[in-house]
Structures are given as C-alpha cells and as structure tokens.
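Undergrad: Here's the letter readout for the chains.
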Amino acid sequence: MISGTFTIAKKEFIHIIRDPRSLILIMVLPLLMMVLYGYAINMDVKNVKLGVLDNDHSWASREVIRGFGGTDFFEIFGYYDSRNAIRQAVESGAIKGVLVFPAGFTESVGRGVSPEMQVIIDGSDANTGKIIQTGVSVILSNVILGSTSAKPFFTMETRVWYNPELEGVNFIVPGLVAVFLMMIATILTSITIAREKETGTMIQLRLSPASASQIIIGKVLPYTVLAFIVGTLMLTFALLYYGVPFHGSPLLLAGLSVAYLLASLSIGLLVSTVAESQQIAMAGGMLGTMLPSILLSGFIFPLRSMPVALQWISTVIPAKYFLEILRGIMLKGNSMIYLWPPLWSLLIFTAIVMVISIARFRRQFKIAG
Amino acid sequence: MPQKKTSRRARLLPLIKKEFIQIFRTKPMLAFIFVMPIVQTLVMGYAVTTEVTRVPMVICDQERSQQSRQLIRSIRQTEYFDLVGITSEYTEIERYMDSGEAASALVIPPDFTRQMRKNKVPVLQAIMDGSNSNTAQIAIGYLQGLMGKYGEQLRVWYPNDIMYYAGLNPPIRIAANMRVWYNPNFENTYFMVPGIIGLILAFSTLILTAVSIVREREVGTLEQLMVSPLKSWQIMLGKITPFALLGFVEISIVMVAGKYYFMIPMRGSFPLLFFVSFLMLLTTLGLGLFVSSITKTQQQSMFVAWFFLIFIILMSGFFFPVDNMPLWLRRLSLLDPLRYYIACLRGIFLKGAGFQALLPQIGALAGYGVLIITFASLRFQKRIS
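Chains A and B supply the protein sequences, listed in that same order. 1 is the number of the first residue of the first sequence in our numbering; add one for each residue after it. 1001 is the number of the first residue of the second sequence in our numbering; add one for each residue after it.
Worth flagging that the hints you see were computed from the coordinates, not collected in a lab. Honestly, I wouldn't trust all of these hints.
Unchecked claim - Residues from chain B shown here face chain A by an in silico Cβ test under 8 angstroms; the list is partial:
# : residue
1 : GLY1100
2 : LEU1124
3 : PHE1186
Ideal Cβ positions, reconstructed from N, Cα and C, are used throughout, including at glycine.
All chains should be built: construct the whole structure from the sequences, respecting the hints.
TA: Structure, rendered in structure tokens:
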C-alpha cells in the first residue's frame, strides 16, 4: 500500500525536478507579486481632488475651502469659473467633486442663519463616492463660522488592537499569502491527471500495481511539500520585507497550513479529473480558485457587506478559513482555542473533495483499462 | 496574381475553421467561454464592495442607566454596526475580539451621566480590531459620526436643561446641498460591471492564446502547420482570429447581462465601445503570442500568462484605486493597457464620454496595441521560420 504510493510520489517528484524552469517560476513569481501587491493594495481614500466654483469670494467661502484643504483626505485641485468648466473637469475624471459657493453665501452668516452651498460628487465609483460624501459632511460640520462657546457633551477616544498603527500591509500581506498559495497549489495539481489523460499514459498507470487512491495520494504528496516550501518562502518574505508582526506560534501555523494546502491541492485534483486537456485543467483551476479566493474570502472585501447568497457561498471557500487562521495567529496571537472551527471546516472540505476526486478517478481508471 | 491571392485566402479560412472546431470540441471549454463570464459578472458585481456595514460590536456598559441604554439604542438603529453582545465586564471584550466574534467595542464609563450632569466631559472608549485595517478605519469614522449625532440629539432633547446645555452660542452650521452625478444612488454595480468587461476580455483572450500555441508546439502539430503551404503570418492570423471573435462574444454577453440584469445605464456610443475593445484585443492577443514565444510547456505559459494578468489587473484600478499607490507604482501603471481600457469603458457607460474626452486613453491603447502586436508577431514569425 505505502510502497505503491511512494513510487507514484517519486515519479511525480521527478516530473517536477526535470523542469527547473517551471520550478523557478513557481518560487520566484509569487515573491515578485507580493512586492507589487503589498504596495499597490491600499484602499484608503486619500487626496480626493476637489474643484472650487466660488461666486462669493468672501471670508466665509475661503474659510470653508481652507477647511477642506487642511486635511489629507481632500486636496483642492483647481478653481473654475463656470458650470461648463466644471462639467468637463468631472467628466474627464480630473476632479471627483466640486464645492460651489453661490453669490451671497456670506450674507446669512451675519444674521446667524446657516448659509447654503452646493457640493457636487462624482458618484460613478459608488464606494469612493459614498466615502467622499461622508467626508464632506464631517468637514463641513467642523468648519465654524462665527463665534461659539459650545462644548461637547462627551468625547470619544479610540484604541486599535492587534494593529495599532492601522498598517495596511499587516492586513493585506497575510491575505496575499493565502490567495497565492491557493492559486499555485491548484495550478500545480490541476494538470497532474489531465496530463496523463492527454499524453495517453493513463493506461500505463492502470498496469501498475498501485490502486486509484494510492495514485491520487502519491500524486498529491510531492506537491504538498512543494507548496509548503513556497508558502514558507512567502511568509518569511512577508516578515523580513514588510515587517509584518508574528504574535502567535509558528509551529501552530505550520501545522494548520498543511490542512489548507491539502484543501487547495484537492481542488486541483478534482479539476484534473474533470478536464480532458491540460489547457482546460489549468484555466479551470485558475478561474475556479483565483476569483473566489480574492472576492469571497474576506481578503479585502468585507463579507458582511455582501448579499446573503454570497455569504453562503463563502462558507465553502477554503481561503476564508485560512485567512482566519493566518490573521489570528500572526496579528492576534491566537492559540488553538479559537482556531478549531476554521480547522474543522478545512478538514471536512478536503475530505469531501478528495473522496469525490478519487471516485471520479477510479471510474476513468477503469475505462482506461 | 489575383488567382494566387484567392487561393491564399482559401487556405486561411480552413485554418480558422480548424481552430474553431478545436476550441468548441470540449464541453468544459464551452462552459469556460459562455458560463464563466456570466458567473463572474454576477459574483463580482455584488462582491467587490469596500462598503463597510454590519461591523459586529460588543458594548461594555459600565453604567447601565437610562442614558447609556439610549446611547445603545442609537447604535442599534444603524446598519453600520451589529450588536453582538452587551456586557459590564471590561475583560469580556478581549474574548469577543480575540475570537473574532466582535470587531469593535464601545465602553461606556460608569460615571457617564454623572459627569455630564456635573458639566464635565466624560470619555467614551472605542476599541477597533485593526487586523482588518480597512474596515477599522471606516468603522471609526462611522462611530465618530454616530456619536457626534448623538451629542446633537442630546442638545435637541434637553434644550433648556442647563445640566445638558453646555454652550450658549450654538455654532452656525453650513447647509450643503449634495448633488451626486452619474450614479445618484451609489449603485456599486454601475461602476463594477463596465470594469468586468475589461477584466474578462483580458482574462480569456490572453490565457487562451498563450496556452493554445504552446500546446500545438508541445503536441507537435505546430510542425505540421509549418510544413503546410501557409505563410507564417497566415498561421498566426489563423490562430488569433478565433480568440478575437471569442473576446467579442464574451464582452457582448457581459454587456447584455449588465444592461438587462443590472440595469446599467449606457450613456455613450456602442461603435466607440467596440472600437476601443478592438484596440484592447490587439494588446491581449499580442501579449498571448509573446508569452507563447518565450515558454516551452503549457504549464510554464500558464504561469507566465497568470503573472501578466495579475499584474495588469492589479494596476488597472479595477479592484484597487491607482491614485492611492506610491508614485513609482503609479508610473508603472502607465504601462498597463487595461487601465486605459477600463477608464474608457467606465467613461462611455456612465458618463457618456465621447471620442474627444477619451482621446488620451484611446491614443495610449492604440499605441500599445499596435506596438505589442507588431513586436509579438515578429517574434512569433521568427520562432516559426
């Protein structure tokens, strides 16, 4: 039983070693991408460019403009003198919003009445548009025209746990590790069986004394090792290059990540039993894992804001659970108590997918023989 | 001469036909081509949102008074926060946060009301789970806004009560009349779906082109093509034409889904849209050819194509705003054709932008398209002959 598995594993291992070019690609590309992505993913809305149409030219309008210019949220990009000029600037995307002061804006201030102005917001990017809208109201409510002796009823102080400086990389980088690992592992295994089918070596496998499940396990083994090495490389890189904190136990993480790798590899295997050619296997494996892992894992986009149907789908996305584990161990220093639920989910997922793949493979195996 | 020309064309057509047959022969491939764009559009249309709602919150109410209950009610009423627990023990917060059950906490001090009555300023404490730095930042903003409103509310509820009325001259507020252009209801899908067209076009054409040519080389059928009377440019054209057509089919599928399912307004012109799509196709097909000319096996070309794709998607501003990137990355993003294409798509769909408004983007797209496809086809022909 075990010897059969090892023979297959050895054969697959030779396949990997014989193609050093691919091996280097598998090791180097993820690191390159981590550099790019670590810097590029920044969801903060900052330096939103605003235009000004000031028909009042008064101390009050200047006071408001100064209020906007004084933050790093907004940036006064330019002054315009007509509605047409504004329209052009917004349409070309040069500015995301406009402050419009009507003539006589200041007059009412002397009477103690709220002056009225207009704010135009480019809503085409809904997310940014909403944030801009909130930002405008916050800044306008902080601009004080006229004297006041009002004092707040209470104040609020904010503390941030786990990532006190709110460093984006501490949030993004663990996510990158999870997503890239998933994609690499799937692409790797997705071709293993499809290759045998395409090149017609399935029959040779049939003639070997190994059983279907031995072959499957033997095929997964070397890739588990390979993916584990790639994962370790990525994490080491994250710690050294980005200085992401690591509060928990590395050993615990190493153990739990094996569960994640198995889950990812099993998806690749399943794809491989479905696909007839390597091309389809890889395209399918990539599509089937890349987008779900990016979109539905909580990597960046908050799951709780999505429709319930998508939240349901996210429960079968392994990356979601690995992210809980990864962020939990690295940032929160979680111990095993809080990590049982994601671990169980990963194990159950792997078991189900593996059983389906072996069953499918066994059937194809018989046909081939 | 004219006779020769027709015979050449007659040779090219069967090749294109052969490619089509090869593409459509398998069911998974059909699914890949027709079902995936729809699934992708549906999922991405809804999932790509940075909006933060329902942040789970635990409240540590150390006062348990009418006042604190009122404050809790004001938080319950919003959809920004989801109250997952109320406790009076400060240490409980840690359990809630460590387990991830709550991502934010609010602590109401035991002397909250007493201090206000004494005309002092009590301090509420907000705790945020920073491991999701994004959500934390936005949630802090929400909470500040909510508490500010609550303070205003107190002023309204107790206008004459000297204990609560902290100031004599309330500040003059500016009344802002907000107008939202192009997408007044802030529909996220209006912004996402045009971008998805760009994504899917790049995705399918680049990968398929890259892998299919390497596959012929791997299986050995490329030699057969080479010894055929076909010129090398004909082989190339024959290989990429089906993928170009497929690209058009895919974006049409997404467009129909966008218009009739997501009800996205199309304010611009379709001919312009197809024109820029054609320019974009030159780039993605060119990149596919290029990848196939530098790789030996399907797996390698898949990896390299994947790398190109991930790069151009990242830098395109589809998921992540380019404006937030550091300067060197913003410069690098100027090399990304998808960036211009998505800008064109969003401009045409939402703003009804015309040729003139998009001239810089179209110019860049055309430049890249011609450059890349020329370079790649030269390389390809050299490899072949």
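Undergrad: Run every hint past the structure and note whether it holds.
TA: Outcome of the hint check:
Among the interface hints, the one on GLY1100/B holds; its C-beta lies about 7 angstroms from the nearest C-beta in chain A, closer than the 8 angstroms criterion. Taking 8 angstroms as the C-beta cut-off, the interface hint given for LEU1124/B holds, the closest approach to chain A being about 4 angstroms. Hint on PHE1186/B holds. Least Cβ distance to chain A is approximately 4 angstroms, under the 8 angstroms limit.
The structure fails none of the hints (numbered hints given earlier).
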